[in-house]
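*Asks:* Residues per chain are reported as follows:
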Amino acid sequence: MSAPHSETHVDSVGTYVKVLLALMFCTVLTTWVAYIDLGAFSTVIALSIASVKMLLVAMFFMHVRHSSKLTKLVVVGALMWLGILLVLTMTDFVTRNM
Amino acid sequence: MSNHAHSESLELRVQFDTAEQQRDASTLGMWLFLVTEVMFFGGMFAAYTVYRNLYPEVFAICSSSLNAVLGAVNTCVLLLSSFTMVMAVRAGQLGQQKAIIWFLILTLLFGGIFLGVKAVEWKEKFDEHHIPGQAAFHLEGLQQADQGHAQLFFSLYFAMTGLHALHMVIGAGILLGLILHAKQGRYSASYYTPVDVAGLYWHFVDVIWIFLFPLLYLIDRHLGK
Amino acid sequence: MGNFQFLPEQASTLAPEVDHLLYFLVAVTVFFSVVIFSTIFYFAIRYRRRSANEMPDAHQAHNGYTLEIIWSVIPFGITLVMFTWGASVFFTASRPPKDALQIYAVGKRWMWKLEHVEGQREINELHIPVGRPVRLTMTSEDVIHSFFVPAFRTKQDVVPGRYTSTWFTPTKTGKYHLFCAEFCGTKHSGMVGWIYVMEPNDYQTWLSGGATEGSLAENGKKLFEQLACSNCHKDDTTGRCPPLPNLFGSQVKLAGGGTVKADEAYIRESILQPQAKVVAGYEPVMPTFQGLISEEQVLQLVEYVKSIGPKPGTGPADSGQNPAKKPSTAGSMPANR
Amino acid sequence: MDTAVAQERENYLNASHGLKSWLLTKDHKRIGLLYLFTITLFFFIGGAFATLIRIELLSPQGNMVSSETYNKLFTMHAVAMIFFFMIPSIPAVLGNFFLPIMIGARDLAFPKLNLLSWYLLVIGGAFSLFAMIAGGVDTGWTFYTPYSTTYSNSWVIATALGIFIAGFSSILTGLNFIVTVHRMRAPGMTWFRMPLFVWANYATSLIQVLGTPVLAVTIVLLFVERVFQLGIFDPARGGDPVLFQHLFWFYSHPAVYIMVLPGMGVISEIISTFSRKTVFGYAFIAFSSVAIAVLGFLVWGHHMFVSGQSLYASMVFSFLSYFVAIPSAIKVFNWTATLYKGSISYQTPMLYAFGFIGLFTIGGLTGLFLAALGMDIHVTDTYFVVAHFHYIMVGGTMMAYLGGMHFWWPKMTGRMYPEGWAKLSSLVIFLGFNLTFFPQFILGYLGMPRRYHLYPAEFQVLNVMSTAGASILAVGYAMPMIYFIWSLKYGKVAPMNPWGATGLEWRTASPPPVHNFEQTPIVTHEAYDYTSVPAEEIEVV
Ligand code: HEA
Ligand code: HEA
Ligand code: CUA
Ligand SMILES: [Cu+2]
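Residue numbers (my numbering), protein chains in the order written: chain S, 1 to 98; chain P, 99 to 323; chain E, 324 to 660; chain L, 661 to 1201.
Any given hint could be a false lead.
[What the hints assert, rightly or not] Think about it this way: if two alpha-carbon atoms lie no more than 27 Å apart in a straight line, the pair counts; the simulated DSS-like pairs of lysine-lysine are:
id, chain 1, residue 1, chain 2, residue 2
1, E, LYS545, E, LYS557
2, P, LYS281, L, LYS772
3, S, LYS18, P, LYS196
4, L, LYS686, L, LYS1001
5, S, LYS18, S, LYS69
6, E, LYS557, E, LYS576
[As the list claims (entries may be wrong)] Short derived list, chain L residues pointing at chain P, Cβ under 10 Å:
id, residue
7, GLY707
8, ALA765
9, PRO771
10, PHE828
11, PRO873
12, VAL880
13, PHE910
I should point out that these hints are in silico values taken from the structure, not numbers from a laboratory.
A virtual CB, placed ideally from N, CA and C, is assigned to each residue, including glycine.
Given only the sequences and the hints, what does the whole structure look like? Please build it.
*Replies:* Printed below as a string of structure tokens:
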């Protein structure tokens, strides 16, 4: 009747420590990069690093990688709806002076 | 009604048949709640995107007026709290009752430090008159004409960090409750759903900050000053 | 009900177009309503229950895909027609012809202030000649309003902080309602007025009638001196400011790349937020005039800058001296909305 | 009265007594009834405002109330009707009561949260009521800035706060439903055996969860702008009031589907039951609900065609708007096809269902007028729009709600309503409705702007017709109110399955026991399989 039994996976402390270190590294990296002039890439890089961090937190700390399809669908859905909000709003603002 | 045994766990509520069903329901519920949170912050992200797009230079200068080092340190503190949180959940999985308590306390502590640093930053803004809506608002390095746009930046800054902080405060309240319950020995390897679910919330608040940090502090920082 | 009307008067070139679209939409609505209502009615009678425990012969429906596809695809096709038709009417309604008569409108709670380039100002009344396209450039001093003339089938919101525009070509002389259609507070329903569409000759007489304090551009010129714009903006390229003659309608190169067309909105922005778009090769030293001058004064300045724009006589709006003169076809008025 | 059946069997109503047992209940059925009281109250409050609006508009020069008061009337009318009546109506009353039963669950997944949702609605309602009593609010239900942030002198904050809180009620209800549908279905209740009412509420819940938070944050931004001068939409600082409209309609367009989808679910149940046939194109109707919920998020800009939004954005939004029409068309055609070769009876719920289909069709098709760019510039912000949405909301959803109330009243209360009166009132409502709102289409095309206290005299005739219709409508709405209450005491005792319907809710007693079923049902049939209903269980009245 309900979703398939979701096994509890116990990750090792080492995994979590590695993830934490990766996250901190990303933080330092993104701060450092911010002082370099990359033109339009500045935004792209900053957001890419943030997305990587988000993925790390979601996958490991929030256990998405062990989660059911439904949970993954929920996560993807949330991001998609955020995308709808941002993209359709921006269609107005970027085409106003055309 | 007939086919459910009450013995599995004290915590099995009447509408459920099995403990597993109950846990799955709670987890799904929390994930859906996080979806609503994404959309809630999404409204502000949309406003931010619109105005950053309209006034990129002003926003860059405003970003530069924030303390990036403090921001980065604070980000690390928050990440640390996420780490201790996931350790608390792990302790739950393994049924280590003592460890749950200690990791929760650590999480609470790091959360507190984060909020403390945030408060210091805000205080700075008040002292510098970077408060939108105040007649005294003035951001150095900007023409009079652009002060309005700078106010937009700071409106977003306060709205976004403020609501983020509010979520932290709520999270801290939840942690406190968990700690109390953990002290009573409520959690075990077979029942730690509340810790698990609270963890999801805490990590989510962390993820929001992971985006706020570059958006508010970092992007185009090289342009300012 | 006597001479009861179902349609408002058609008094612009747009009106018949909108009405034709209406006929089409009504036809579709009537068609589908009649089909659905009569089918339901027929089935309801034909297959009425005759005894309490009756079971229909066909209690299991045949879930045919054919029907589903038919009744998805046909409506979809019809909606595509609606979209295309609606969009094309909208496009005409949004793009003013180049030789349009320029008029400025400022919404303020709760009145419409209308200004002719010749300097005539009107409140809640607008006099215009028949048969000539009219383009309105509009803004608001406070909240959002909306300029609505049912007989012309036009409507456009008026937004504080920026210019919006609309246009129409009146086709019939007469007196028509002007409404504010966006809720703006207590006297929203009192923010109404009249549009007077006149024969061109009468319009001329009307124009020369009312005492004015100079044309918009003339007033703008005075302001240009008073506000000391002229101290910086000289007519040659030697100064530290860009010269303004011939600016209007041209493409301006911006510092940091990109170009922008110098239309009304750009001039307005240059005055109120000079730093927003800085001209390539110049320092951003121009002070802002935000808060120092009213929207109406901004309009005068804009009109002045336009009047020293390229080729006097190409647009009806530029000289202010002889507005009824047939505009030359090679106009350079930007066709922005 | 039939004493043989009236012997006290334990059910959810008599299982415990006293006010406390209601205010602290976690039973979804009782919470459904709590909602019923609350939203009925707000319907009559909203209706009272509507009455005043219509009386005022009898004369063009507006001599009953001042302009200020008039502006407050239509604002508070809409706030009460939309946020405190129509959005909670079908989901929170009928959905709450029947969704768990229909999938064979003992309760919703989170009963305490369910109760909290009701309290949130009550608290939000209290804020809004306070604002109404303290002096009212005059911004229109759309709260456009900068009027709402800077210029209005009315109780904007209290009202907005009320809506904010009620928003969370809506979010939590949606969340609860989604989890319940995913996790609590009885054995054998596969997704494609679920009644269409459940599908419709599931789709609605998706919108509530994805859309309402954006309304919430929009209100927060409005709040901080009005109170702390954090001017995010303030044109004086380079902010853009049109951005507010984007955020507002991102929620409020999908919200119109929160208002209509559950109604469509009710109609599917009724049409099937009263023609004793499985719904034609079950899967298409089920998926079209979800499709409407998803596509509904892509069209909000069609409320902003003349707002100063870019021409290209308007084109995109207009184009996408037409996609939403297709799933609605599919539903209408499938309902009609369901009647084919059925065994059709005309009990009151069925009359309401016919009313729904007809009026929704007209309302929906006039929505297509509005989505057509060239047409919308003329009719936007006129009575044409007012007529469009009342056709869908009052003609559509309200009919579905009343249909559903009649359909399930026997199950909820254990009593039958008086059929003759009910038929009469449905007829009165139908006639009154059309007389009220049809003239408004013409008024709108003629150019009468909405939110107008004073209007040119040439519009008076149509306005008088509309007011006449509204008086008939008011009588029509008063009737069910009276005979429903009457039936609680004097109505015939309802059998288990008075309509010969197939849903699980008809396989348990009327009214149902506390945990819905004496024995967890095991589902072995598709929904709407009329051969599966044991003949002895049907006691058609
Ligand atoms: C329950 C409420 C509800 C519903 C379901 C709808 C449904 C639709 N609405 Fe409506 N609408 C409102 C409530 C609703 N609306 C409200 C409250 C406002 C005003 C808000 C305000 O400003 O205060 C509004 C305003 C509004 C506007 C803005 C008007 C303006 O302000 O200028 C538009 C524009 O596109 C629009 C379009 C549509 C469309 C295309 C649909 C479609 O979903 C309709 C689809 C249905 C059908 C098409 C009918 C069934 C189909 C057939 C019978 C088959 C034949 C079909 C074809 C040929 C395609 N609506
Ligand atoms: C679900 C939503 C809903 C519902 C049910 C209704 C129901 C009604 N509405 Fe409303 N309406 C809106 C949503 C709704 N409306 C919205 C969103 C607006 C836009 C507001 C804005 O512009 O911001 C609006 C605006 C609006 C206007 C336009 C105001 C304007 O623009 O100036 C009008 C005018 O006629 C109107 C009329 C009515 C009428 C006559 C009813 C009737 O159906 C009501 C009938 C009910 C009763 C009459 C009460 C019940 C009966 C009794 C209690 C019996 C006893 C009563 C008497 C003896 C009087 N409504
Ligand atoms: Cu101005 Cu309404
Ligand atoms: Cu809409």
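*Asks:* So, for every hint listed, does it hold in this structure?
*Replies:* Okay, the hints, checked on the actual structure:
{"no.": "1", "hint": "E/LYS545 / E/LYS557", "in the structure": "holds, 15 Å"}
{"no.": "2", "hint": "P/LYS281 / L/LYS772", "in the structure": "holds, 24 Å"}
{"no.": "3", "hint": "S/LYS18 / P/LYS196", "in the structure": "holds, 24 Å"}
{"no.": "4", "hint": "L/LYS686 / L/LYS1001", "in the structure": "violated, 43 Å"}
{"no.": "5", "hint": "S/LYS18 / S/LYS69", "in the structure": "holds, 26 Å"}
{"no.": "6", "hint": "E/LYS557 / E/LYS576", "in the structure": "holds, 19 Å"}
{"no.": "7", "hint": "GLY707", "in the structure": "violated, 32 Å"}
{"no.": "8", "hint": "ALA765", "in the structure": "holds, 7 Å"}
{"no.": "9", "hint": "PRO771", "in the structure": "holds, 6 Å"}
{"no.": "10", "hint": "PHE828", "in the structure": "holds, 9 Å"}
{"no.": "11", "hint": "PRO873", "in the structure": "holds, 4 Å"}
{"no.": "12", "hint": "VAL880", "in the structure": "holds, 7 Å"}
{"no.": "13", "hint": "PHE910", "in the structure": "holds, 8 Å"}
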